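If you want the building blocks of each chain, they are given just below.
2 protein chains.
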Amino acid sequence: MDVMLMKAPTGHTSQEVTLRPATPADFAAIYDLFQSILHEGTTYSYSPEEMTKERSLQYWMEAPGTHCCVAESGGKFAGVFAVRPNRTGRAGHVANASFIVHPDHRGKGVGRALGLRAIEVAKSLHYQSIQYNFVVSVNEVAVKLWKALGYSIVGTLPKGFQHPAKGLVDVYIMHRYL
Amino acid sequence: MDVMLMKAPTGHTSQEVTLRPATPADFAAIYDLFQSILHEGTTYSYSPEEMTKERSLQYWMEAPGTHCCVAESGGKFAGVFAVRPNRTGRAGHVANASFIVHPDHRGKGVGRALGLRAIEVAKSLHYQSIQYNFVVSVNEVAVKLWKALGYSIVGTLPKGFQHPAKGLVDVYIMHRYL
Numbered sequence: 289m290d291v292m293l294m295k296a297p298t299g300h301t302s303q304e305v306t307l308r309p310a311t312p313a314d315f316a317a318i319y320d321l322f323q324s325i326l327h328e329g330t331t332y333s334y335s336p337e338e339m340t341k342e343r344s345l346q347y348w349m350e351a352p353g354t355h356c357c358v359a360e361s362g363g364k365f366a367g368v369f370a371v372r373p374n375r376t377g378r379a380g381h382v383a384n385a386s387f388i389v390h391p392d393h394r395g396k397g398v399g400r401a402l403g404l405r406a407i408e409v410a411k412s413l414h415y416q417s418i419q420y421n422f423v424v425s426v427n428e429v430a431v432k433l434w435k436a437l438g439y440s441i442v443g444t445l446p447k448g449f450q451h452p453a454k455g456l457v458d459v460y461i462m463h464r465y466l
Numbered sequence: 289m290d291v292m293l294m295k296a297p298t299g300h301t302s303q304e305v306t307l308r309p310a311t312p313a314d315f316a317a318i319y320d321l322f323q324s325i326l327h328e329g330t331t332y333s334y335s336p337e338e339m340t341k342e343r344s345l346q347y348w349m350e351a352p353g354t355h356c357c358v359a360e361s362g363g364k365f366a367g368v369f370a371v372r373p374n375r376t377g378r379a380g381h382v383a384n385a386s387f388i389v390h391p392d393h394r395g396k397g398v399g400r401a402l403g404l405r406a407i408e409v410a411k412s413l414h415y416q417s418i419q420y421n422f423v424v425s426v427n428e429v430a431v432k433l434w435k436a437l438g439y440s441i442v443g444t445l446p447k448g449f450q451h452p453a454k455g456l457v458d459v460y461i462m463h464r465y466l
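These protein sequence lines map, in sequence, to chains L and R. Taking the numbering used here, the leading residue of the first sequence gets 289, the next gets one more, and so forth. Taking the numbering used here, the leading residue of the second sequence gets 289, the next gets one more, and so forth.
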C-alpha cells in the first residue's frame, strides 16, 4: 500500500496525516480546493476563470508525467500535490511540484507530509532535482517549510506577483537536489 | 510601417538588419530554423520531435498574446523573436520572449536588433518587465548581449540543462524592467 503516516508536529492537533495516490474520485475535492485558493489569490498566479475543470484536471492529474497524491487528516481531504516534469527534453531531469493544504487543515503538518512525499515520488521517478518556479516571497509559511525540507532560493523574480493585499511582491524560485 | 533599421556593429559585415511583424508566409522559414536549432541542442530545452509544426506555430505565432517579428539581412531571413505573456493572471504583467538568430547571420548585429525590438514591443503592450526563463549559462554570446541590453541574472538553475557537448550546465533566469 502506498500510504505514509506522519505524526503532526508537537504542539499541534495530533491527528495523523495519511497520503495516497489520487484517484479520479478525488478530482471534485481537488478542483473545489484549487478554485477557492485561486479566489484567495495569494499563492498561485492563475486566475480562477482560466483554470476550468478541464485545465485543472490536466494540471493536477492528467498531463503527461503527472503524479498526484492527496492527504487526509481525520478521514477528511486535507491537501494535494502533483509532481511532474518541469520541462521536457534537455531539461527533463528536473521535476516540478505544486501543493495546496486545505484551509481547514493548516498548521497540522499536512504541508510537511505532502512535501516529504513529493520528494520521495520524484526520487522514485529518477529525477535529479525538484524546482519550484513560483513561490510567492511573502508566503512565509511555505518559504520556511521548503527551506526546512532542503530547498534553496536559487532565483528572485522582482515584483513578479500581484498580491491582492500587498501589491507587487517578489517571487522565489526554489530548488533541491534529490 | 513597422520597420526598424539597425546599423550592424562596426567591424562586421555592414548589411542593414530590417525587422517586421511576421506573417503566415514566414512560418515555414521559422519552423525550419527552429528545428535546426533544436537539433543543434545547445540553447532550447525542447526536443525536435515534440516541437511539431502545430506546436511550433502556437509557440512562435499563434498562442494568445504572442507577437512575432522576423529579421531580414540583405533581403534574407536572418532571425525571429516572439514576445508573449510569461504567465497569466497575477503574473500577467511580465512578458517573456524567445529568439533565434539564423546561423548564416550570426555576428552581424541581428540578435541585438531583435532584442531591442522585443523591448519596444513589450513596452508598447504595457508589460512592466521581461523575463527570460531559460538562458543556458554557457551560451556566452547570448548572456553578454542580454546584459548589454539591460537584463540582469536574477536566478541560476543548477545543472538545469543537458548540453550536448558539456553535460549538465546551469541555466540563468534573466530579467529587465521596462
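Possibly wrong hints are sitting among the right ones.
Copies of the same chain look alike in the list, so a pair counts if it works inside one copy or between any two.
[Said to hold, decoys possible] Cross-link-like lysine-lysine pairs, in silico, DSBU-like; alpha carbons within 30 Å at most:
{"hint": "1", "residue 1": "K435", "residue 2": "K364"}
{"hint": "2", "residue 1": "K435", "residue 2": "K411"}
{"hint": "3", "residue 1": "K447", "residue 2": "K411"}
{"hint": "4", "residue 1": "K454", "residue 2": "K411"}
{"hint": "5", "residue 1": "K364", "residue 2": "K411"}
{"hint": "6", "residue 1": "K432", "residue 2": "K447"}
{"hint": "7", "residue 1": "K454", "residue 2": "K364"}
{"hint": "8", "residue 1": "K447", "residue 2": "K364"}
{"hint": "9", "residue 1": "K341", "residue 2": "K435"}
{"hint": "10", "residue 1": "K435", "residue 2": "K447"}
{"hint": "11", "residue 1": "K432", "residue 2": "K454"}
{"hint": "12", "residue 1": "K364", "residue 2": "K341"}
No wet-lab data here; the hints were simulated from the structure. In this text, all values refer to a predicted model and were calculated from it rather than measured experimentally.
Okay, the hints, checked on the actual structure:
1. K435 <-> K364: within (27 Å within a copy, 51 Å between copies)
2. K435 <-> K411: Classified as within: same-chain Cα gap 18 Å, cross-chain 36 Å, threshold 30 Å.
3. K447 <-> K411: This pair counts as between: shortest inter-copy Cα distance 17 Å, intra-copy 32 Å.
4. K454 <-> K411: For K454 and K411, the Cα distance is within 30 Å only across copies (24 Å; inside one copy 36 Å).
5. K364 <-> K411: within (27 Å within a copy, 48 Å between copies)
6. K432 <-> K447: both (20 Å within a copy, 24 Å between copies)
7. K454 <-> K364: neither (32 Å within a copy, 49 Å between copies)
8. K447 <-> K364: neither (37 Å within a copy, 40 Å between copies)
9. K341 <-> K435: neither (32 Å within a copy, 41 Å between copies)
10. K435 <-> K447: Both ways: K435 and K447 sit 21 Å apart in one copy and 20 Å across, limit 30 Å.
11. K432 <-> K454: within (19 Å within a copy, 35 Å between copies)
12. K364 <-> K341: within (22 Å within a copy, 46 Å between copies)
Of the numbered hints given earlier, the model fails hints 7, 8 and 9; all others are met.
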